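Student: Respectively, the protein sequence lines represent chains A and B. Counting from 0, one number per residue, gives the positions in the first sequence under numbering that gives the first Met the number 0. Counting from 0, one number per residue, gives the positions in the second sequence under numbering that gives the first Met the number 0.
Take every hint as true, because none was put in to throw you off.
Cβ-to-Cβ under 8 Å is the rule here; a few derived chain A residues that face chain B: (1) Phe52; (2) Thr106; (3) Val339.
Keep in mind the hints are simulated off the structure, nothing from the lab. No experiment lies behind these values; they were computed from the predicted model shown. Just so it is clear, CB atoms sit at the ideal spot from N, CA and C, and this is done for glycine as well.
Protein chains: 2
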Amino acid sequence: MEEEEFRRAGYALVDWIAAYRAGVESRPVLSQVTPGAIRAALPPAPPAQGESFDAILADVDRVLMPGITHWQSPNFFAYFPANSSGPSILGELLSAGLGVQGMLWATSPACTELETHVLDWLVEMLDLPRAFLSTGEGGGVIQDTASSAVLCALLAAREQATAGQGNEAGLAGLPRLVAYASSQAHSAVEKAVKIAGLGRQQLRLLEVDEVFALRPEALERQLRADRAAGLQPFFLAATLGTTSSNAMDPLAALGPLCQQHQLWLHVDAAMSGTAALCPEFRSWFRGMEFADSFDFNPHKWMFTNFDCSCFYVRRRQALIRALSILPEYLRNQATASGAVFDYRDWQIPLGRRFRALKLWFVIRHYGVEGLQREVRRHVALAQEFAAGVRADPAFELAAPAPLNLVCFRHRGGDAANQAIMDRLNHSGDLYLTHTRLAGQLALRMSIGQTLTQPRHVANAWRRIQEEGRAFAV
Amino acid sequence: MEEEEFRRAGYALVDWIAAYRAGVESRPVLSQVTPGAIRAALPPAPPAQGESFDAILADVDRVLMPGITHWQSPNFFAYFPANSSGPSILGELLSAGLGVQGMLWATSPACTELETHVLDWLVEMLDLPRAFLSTGEGGGVIQDTASSAVLCALLAAREQATAGQGNEAGLAGLPRLVAYASSQAHSAVEKAVKIAGLGRQQLRLLEVDEVFALRPEALERQLRADRAAGLQPFFLAATLGTTSSNAMDPLAALGPLCQQHQLWLHVDAAMSGTAALCPEFRSWFRGMEFADSFDFNPHKWMFTNFDCSCFYVRRRQALIRALSILPEYLRNQATASGAVFDYRDWQIPLGRRFRALKLWFVIRHYGVEGLQREVRRHVALAQEFAAGVRADPAFELAAPAPLNLVCFRHRGGDAANQAIMDRLNHSGDLYLTHTRLAGQLALRMSIGQTLTQPRHVANAWRRIQEEGRAFAV
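Extracted from the complex, chain A is given alone in its bound form (with noise of 0.2 Å):
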């Protein structure tokens, strides 16, 4: 593509999204399609000769759309949120533009350092413990997710507890180790600890309490009996804003039963960390001293369109130990001199693409205040969405509903809060999902998207009343 068509080809492309993301809140956000649609609508066979590049668009419009579900529409509720912003999407259209490698700081120095120090500014944004800072012994990395975040922190874990030997002789032959987290804990936990060859039967998914955090004693009476079993803990994965419910998991409390018991302790506030931004939402915060890593995801609630997962260890070296490989081919000078961090030491994969960029442009568009002024924007929202549940006798909290996802139900049952739910979401206005919160169906109003605002959310609630209607209390 020659640069004058590029020039047209990217206009036209930029005017699409800029249209789109204008006009996206009067699109049905939840797709329509049946199995297998958007296949028979492609051609069977790749073409031969080159196409335009108008033509390729007017197929994103034709044959594309109807299949697309609308994360970016202000009437998304469902799951997370996965917000994105104008800078975002710009950041990444330049990261795509330079092309440029960042698995060792010698690929690209620009690459490796300003992600370095953008994940430096977020400790002080979010109030993190100093430990992690990249200019003690600690440092923040970009992943794609918190899964791979929460796979890496258990494989440090694992080397650690193991002094290297799951690496080098395999576990075959090692003590069983025991991993630990809530009931409520996300499904990475469990994966990782698969993927890490550890089993499932060696992952403990601990009793909450009636708010769905971890309780502590329970902790401490699974270490007991599973020491006294000849086992070997060795990992927590507490949680900060569960995906099902928002629980935050007692850190104050955990973290001394982890540093009494050498639990490497693993922080996962996948969306709720961006929260932190806000110095009166860092209650939840209380002992993160204690962490030996933390993740959050500014692609879920801080603009930033996914992948971009920020991951801090307190120390890197444990880390780097656990994933450290170094052939002939990626030897350079600036590895052997130490004085670079080589990111494909900090991940699984090997390759890695320029995002520092996004969530550089992110921060730098809207500030730190600008940043803040739209969590809070979000939180309020959401408290207000709770605050008509909470009048309106047809409904009720299924869990507290400490920041920006709120979980309630129809008082009819679950077959009714499963019908509400088909109803709005193939209406095409609104889109949520549901969780199972002690036993029951709950619905999952989760608020964070960039383009939502109080009319979005004052409307997905008279919708839900007027579903809720059809069914007896």
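Dock chain B against chain A, hints included.
Tutor: Relative to chain A, chain B alone:
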């Protein structure tokens, strides 16, 4: 960022990228900054208030560009290519603009279906075994990297070999599993073996022949020895196009051994897989019908910016069984029906972005014939370079050059070659890297950047000869 501001900033960035690509050949390829120089130019604290896009873009030039190594330069001959193209960059932009999550079919059906469809196209385009088609029991999925692909293959094989007990009970109580690869295999194999808990001691890096390809008899001998020792062989990672020297492991001989010994055969063709677009290069792929899994990277040599690694499995259920997790909050009707692919079960992370867009854009922009033309062009350039090396008595080839990578050396010994490389790389005129082959340093001339033309290769060879003159043969 409002619609008009996004449009204006987007145009400016499109212009910036167009100009960057048009002028990149005149920039020094390898960044010359010292560790810490980029960070020193960044403010110690993030801005409290937002800044203009113009200010940010100005800092890209002022602060970042000195720290960029130009992977898209036509004078970049280091490592492997990581080529990109206009349509690919725009596909990435659209993916960021739509901002959808592809973790489940239901979270955006088009994201999953386009990926499945385009990966089926590639089966035909590369003449891969039809068993990899999604329409049968196989299927393809986009991974971030070939490293992640080999880890996924290894986990599927581990769970197949242990009847799911690795995931369930963990490796601590199981017989030792042994994995195999050649001494030239990518370090990702060792990293995957470690991550999966198998231990480096259970990875056999086997002897290669005089062209650095795995010797089937070395595999057979080791298999017998390991079985005799009560170990359980389970996995072979064969390589088509090793990183070091582009060596091709003999699949047609290795495949029957894998069948006989029940090894999962994974074929890593990260760079060289693209060559299979052209019928005349397919002889290297003979024996692919024995492969249980296969991976190649359009983000290396198929004009698709990182990340885009195409991973195929013969029996998708083996992969899904190893990686599937289904928590309540991800349950949905489409998943329950079994009629759809949920790609989160085909990879390590949960979340995933719409990477198929850029691959689809690239295939449609170039057409199959256009892609073939580019591959032939690169191979021809490499073969001309190799002919130059053969004709110059001061230099010699260090390995066969089957495709687009030429390993060569000055006859003056390791110190001369190191000096030649360092001087070339510091000159900024070109960038190339090294490896060790048969105990000696070899320089690697890897040809595959989108913008590389005959004059760039000719100039590189002239500069190499020039620097070589300082050293006795």
